[in-house]
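Peer 1: Sequence:
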Amino acid sequence: MRQPDPSPASTSSSAALTALELITRMVAALELTPMVAVCSVDRDGLVRFCNQSCATLWGVTVGQAMGRKMSDLLSHGERQAEHDMLMTELWREGRATPADDWLVRTAAGRDLWLYSAKIPVRHDGELAQIVCMDVDITERRQAADALQAAGTNFSQMFERSSDAILLLRDGVIEKANPAAVRLFCCKTEERLHGRSLDDFSPLKQPDGVPSAGVSAQRVEEAIRKGNSRYDWHYLDCEGQQFWAEVLMTSISLDHKHLFYVVVRDISERKRTEQSLHLAAQVFENSHDAILLTDHGRRVIAINRAYSAVTGFVPDDILGKPVSAFRSGLEDESFYREVWLSVDNAGHWQGETWARHSDGSLFPAWVNITAIRDSAGQVSNYMGIVSDITERKKTEEQTRHLAEHDFLTDLPNRVLLLDRLSLALAAARRSGEKLAILFLDLDRFKYVNDSLGHSFGDRLLREVSARLVRCVREADTVSRQGGDEFVIILTDIGNAERAAHVAETILRAVEQEYALDEHQLHISTSIGIAMYPADGADIDTLLKHADVAMYHAKQDGRNNCQFFSSEMNARVVERAGIENGLRRAVAEQQFELVFQPEVEIASNTVIGMEALLRWRHPELGLLLPERFIDVAQEAGLMIAIGNWVLQEACRQAQVWHEQGRLLIVSVNLSRAQFTHKGLLDSVGDALAASGLAAGCLELELTENILQDGGPRVTETLAALHKLGVRLSLDDFGTGYSRLGQLKDYPIDQLKIAQVFMNGGTDTTAIRTIIAMARSMHMTVIAEGVETNEQLELLRALGCDRYQGFLADATLSAAVGRVIDPPKVAEAASAPAPGHDPTLPAVPAADGR
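Going by the working numbering, the sequence shown opens with residue 1, and the numbers climb by one from there.
Straight-line alpha carbon distances no greater than 30 Å define the calculated DSS-like cross-link-like pairs of lysine-lysine that follow: (1) 175 x 204; (2) 204 x 187; (3) 256 x 204; (4) 721 x 676; (5) 553 x 543; (6) 445 x 676; (7) 320 x 118; (8) 225 x 256; (9) 553 x 676; (10) 204 x 225; (11) 433 x 553; (12) 225 x 118; (13) 543 x 445; (14) 721 x 445.
Derived from the structure by calculation, the hints contain no laboratory data.
With the hints as extra help, turn the sequences into a complete structure.
Peer 2: Set out below in structure tokens:
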């Protein structure tokens, strides 16, 4: 039963095949189509490929044929010169010629008739090879000759022939044998009678040439030569197309030309030829490097892409076993597994190493497929090789980015945990110790805020480089984010060696950094946890190193601390305080007490400083030193500071409404001062309470002015414009530059309490008062405890004072201690010489 020609839909389906599927089918077609002998030759006429059918036809093996001239294997006899000219024309013009019959003699000495087609194959527009497809038609020619010689037996052979035979008179069918009726799918012979062969031809042949014109030429050729042989595309009575080989013989009878036409269905052969042509194009033009072997794994063909990828040309590799081109990196067991998989499953694919022609190696993805013949036996192997060097580089780069910090290129937390896991496993096996160093840079935020993040990034890169130089190659330096680093010291021996490395790091980090015109100084705090003493797993060791680092910060920074259980207990306590503070903010568990500020000349209370207390539900009333540092680190100072502002302003307004015109002082934290919402917070507190701005005094420390960033002057000017008073607290303990201080709108300097402890530092106090006078500032002394100190301050010209003496004087005058929450409601008694309308307050028990 004849199969229909490929439809447009099936052609589309074929186009959707992957290159691998198409090439596999091509190789199968080459080897599993015994009716077609296929070979390809290069410009020198050398055989570069032949299938088994071709080798059998020539009487040689595939290996014997490869690389030999085709003319040595197949002689075209008297027409050899014509054949050579045909090949020359093909290489010059690059266009396929019509198929033709050739009488040849093979290398084995056999005389054969071949129906031969030759197809040029191009690569990147350049003619690369000529594929020759031959069909042995010796038996058919002999049958045709016998038919012509049959004479009287013609009628019987006409009826019994398996080929369709038609008798044409005056161009129309007069007689058709049964095979013709079957071939043209006609129910009866009569449907053929009286019709011309052109009636069964499409308007155009597959090559686009009009059928009528070519048909007339074939008739003329038959009249001139006696017969004409050609391939033709027909339409049968059911409208189905098929390919046929036509032999038209002219017979002269009564000076008229009759024709008998033998038509043989060659649709299957044409499909094979089309498949082979398409596959040959794909094989030659594929971007994948393809290698084909025989069943003994000897190379019989490679395409251009294989040469481009590996550098091997056909002369280097054809006829040789593929094992001769191994990389040498994999052992024999690897290849045994590969070929076992190919033979059992029909294929194998995976990553391996391949070799260039110059001996260099490259990573490759290899796909090996076994091709089986009609008996199910392996006839060939096909390998597709892809150079994955760039892909490996991309994968490595992606992996590097995933495991390293983008800024410093140090291992990030992902890679740190992996290396720490390996280091711990090694330490458990060997019994050695290892150390985890947790580092946090001191004052790094100041660099970011004052100079910008670009300088901060440069500083981090320089710190990273110094850290790497401080450790061994086997150790790991990792950046965890921000200004935190973790270092793994493997096989450290003992804690003393870990401490030595930590001291080296401290000295390296504190060295000066020159970034453009800036000379920077920073330091670091280091926490150390040792395995196995401080923990046996990753999480515990990192946590304990972090705890130790926190205590290094608490201990003054720029030092290292080893972890201890006592440290951990304090950290647990700190965590409890932080959680309690968050509840305290939400539930308003805070209270204010007030410390009086007394004018020395009149002995009059002119203001109150608001001091924060936390009434803990379990621990009772807590002073700031128990919780203020935790609040700062937990980011709660904005919320707590705003509450203090609002409550202090509200209390001061209550006093004013009672006739007690007092200034209220509130301490600002660094977080509040640098927060962009400071002005709104102050304005909201004044508006909500109704307090006049001039009755609110904001106290700042020298460190806030120094570390407050580039907007210090702008912020101070805005607060001054708002009308509030500004006081510089703890003056004399910081690093204020006088030239800069006189440009700030500061109203008051507070002499630090340290100058009053253990007596008085008269010289320092006199200097501060003189300086304040020169800048038109009020001076107030803190921590005044004795009458002698007060008289000294009076003699030196100090304006005001605070401290135990002022508290005691007021408490004695009032005669009782007043509960802080009720301070606004308390009746007051005057201190000697001051207004009796002023409120009494309890003795302040801390700041």
